[in-house]
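Starting from the known structure of chain U, arrange chain C on it as the hints suggest.
Number of protein chains: 2
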Amino acid sequence: MSISVGIIGYGNLGRGVELAVNAAPDLDLKAVFTRRDPSSLKILSSEVPVVHVDEAPKWSEELDVVILCGGSATDLPVQTPEYTRYFNVVDSFDTHARIPDHFANVDKAGRENGHVAVISVGWDPGLFSLARIYSNSVLLDGKDYTFWGRGVSQGHSDAIRRIPGVKNAKQYTVPVQAALDAVRSGSNPELSTRDKHERECFVVLEEGADAAKIENTIKTMPNYFADYNTTVHFISEEEFNQNHQGMAHGGFVIRTGKTGANKENNEMIEFQLKLDSNPEFTGSVLAAYARAVARLNTEGKSGCMTAFDIAPAYLSPLSGEELRAHLL
Amino acid sequence: MSISVGIIGYGNLGRGVELAVNAAPDLDLKAVFTRRDPSSLKILSSEVPVVHVDEAPKWSEELDVVILCGGSATDLPVQTPEYTRYFNVVDSFDTHARIPDHFANVDKAGRENGHVAVISVGWDPGLFSLARIYSNSVLLDGKDYTFWGRGVSQGHSDAIRRIPGVKNAKQYTVPVQAALDAVRSGSNPELSTRDKHERECFVVLEEGADAAKIENTIKTMPNYFADYNTTVHFISEEEFNQNHQGMAHGGFVIRTGKTGANKENNEMIEFQLKLDSNPEFTGSVLAAYARAVARLNTEGKSGCMTAFDIAPAYLSPLSGEELRAHLL
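Going down the list, the sequences are from chains U and C.
Per the working numbering, the first sequence starts with residue 1, numbered consecutively.
Per the working numbering, the second sequence starts with residue 1, numbered consecutively.
Chain U with its partners taken away, still in its complex shape:
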């Protein structure tokens, strides 16, 4: 059985989802919806129609699941409940503090309209959340550590670009090796913000800008940089364009815990991602959950779920027998 998929929103993530859907044997991309003029949007799959997003509800009978590829700040809080009225959906909502509200809104739309929605899917939240729930459930007595990077933080890059005199900037979040080593030793260290991550900035200046002043502005910026060891590299636009266009990312979730009658034994569970393309990998996770959502709805389920609520077998194109034979 082929699952008919739509994509709403076609930035880096939408393109990553498109690649993942096209690579899946059982997923069939039927339409890409955009807020832009559809005729202006060139997508990878030339045979797939590009449709204005206002037309999306008319596709409700055609699509088994729609993958929402908007941003968490303003798009998804509106789009996910809205499109759950018409479709089974998957989103990558990642504004942690607003998840309870988002869950409630989407759950209501899903239950009222008989659709399944899975929210907050990707790698964090998503696969990292799975690493946390499994390791916490097994090692009840323990401590969690999450490290991000090495990878680009869009928010921190934007913050630098807003400084007068800055022409362009990329900020890499870098986990501190000594902190990772301390965690893995089982010593359960208490780690400050500064201990865990460093921030490395590559900045292209406008003509005549004051480098020393800008470096100081970056390093003392509250919330973004002041609490971290920050390195600033001033580079040419040419070097920037050549070496800092990548979308690599990754990180680590580690839980260390104790077992034994006297808590004498250390146990460590570590999950690591090392990604050349953050949006393509995230798109691959969304595609796997799209498969799950379509199947769950076929079974009569409705309402909002997260990765915590979905048995792993739903994510795989393989049958139960195949899974037990090859992956168990």
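Do not take every clue at face value.
Each pair may be met inside one copy or between any two copies, as identical chains are not told apart.
What the hints assert, rightly or not - Taking lysine to any residue pairs in the SDA-like style, the calculated list, with each CA pair at most 20 Å apart, reads: (1) K301 with Y314; (2) K258 with V176; (3) K301 with A311; (4) K263 with D141; (5) K167 with V78; (6) K42 with Q154; (7) K30 with L44; (8) K143 with R98; (9) K219 with R150; (10) K108 with A325; (11) K167 with E238; (12) K143 with D158; (13) K143 with A23; (14) K30 with T220; (15) K167 with Y224; (16) K143 with Q272; (17) K263 with S46.
If you're looking for bench data, these hints aren't it; they were derived computationally from the structure.
Below, chain C without anything else, positioned relative to chain U:
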């Protein structure tokens, strides 16, 4: 709600399960069943009754779930279908080739008697299986690598002990660092048996035994050692007793895959365990799945499942709201 738990079988694993159940706020150990004379068995929880296993069926109303701690070779193929008639059960069956038969037998007993059974839970199969299914579902185009160790292989230690002139022996399976590095580089290496693991043996000789001959016997032993780089250390009984009683183990599951229009991007998912106590950690996994099994049965489910069929939220003592707030 407290979940009433029984344990059948009290070796290293049974003791590990006992510790895990006692450490869980919502699990309540009600009885330990043994084939031995119950009065001869001393368990850690002095207030918990030790009961002969023949009496177990009489406890079917008292226990929400029973954790089976026998061996995969001869115990579990009989015990799991048998006790699934009376209880919801969890086992750690790990004889890979026999899983389809075991699943079918247990599934039949579960469906006929309205009980849930989860088989093949632990770390491999178990958490490693989960790492495989999630990473395979996300990276459809990729390659899996599993490394075990550093840790004791009971089977290989036994094989050495059967050699005439050997008084005692422990064999450690050791992943080869160069192979791990090659996998992590994303080069998708083809690795032979010899490339992936080394075998390190610590042997105590009987008086007058021929060390050179025994070393040769070990290193050329078909299936067990001939295909590996094997190191043999002859040590005193005193050193053996002092340094080789531990039950540490662990390993790595790594999937590397490609994304991108031209498969130009490498993505790596790695899951790692580093365990001081293999049986205590395995017991902790079984206890988490016992919680899941009891809950699933309360919801009216029956039949056989594996870790693939169970949503992660069932493993945690936390509520859905708590999970979304703290672990998502």
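Tested hints:
no., hint, result
1, K301 with Y314, "both (13 Å within a copy, 17 Å between copies)"
2, K258 with V176, "neither (24 Å within a copy, 27 Å between copies)"
3, K301 with A311, "both (13 Å within a copy, 14 Å between copies)"
4, K263 with D141, "within (9 Å within a copy, 42 Å between copies)"
5, K167 with V78, "neither (33 Å within a copy, 71 Å between copies)"
6, K42 with Q154, "neither (24 Å within a copy, 59 Å between copies)"
7, K30 with L44, "within (13 Å within a copy, 61 Å between copies)"
8, K143 with R98, "neither (24 Å within a copy, 37 Å between copies)"
9, K219 with R150, "within (19 Å within a copy, 43 Å between copies)"
10, K108 with A325, "between (39 Å within a copy, 19 Å between copies)"
11, K167 with E238, "within (12 Å within a copy, 70 Å between copies)"
12, K143 with D158, "neither (33 Å within a copy, 37 Å between copies)"
13, K143 with A23, "between (38 Å within a copy, 15 Å between copies)"
14, K30 with T220, "neither (49 Å within a copy, 59 Å between copies)"
15, K167 with Y224, "within (19 Å within a copy, 63 Å between copies)"
16, K143 with Q272, "both (17 Å within a copy, 16 Å between copies)"
17, K263 with S46, "between (60 Å within a copy, 19 Å between copies)"
Of the numbered hints stated above, those contradicted by the structure are hints 2, 5, 6, 8, 12 and 14, listed in ascending order.
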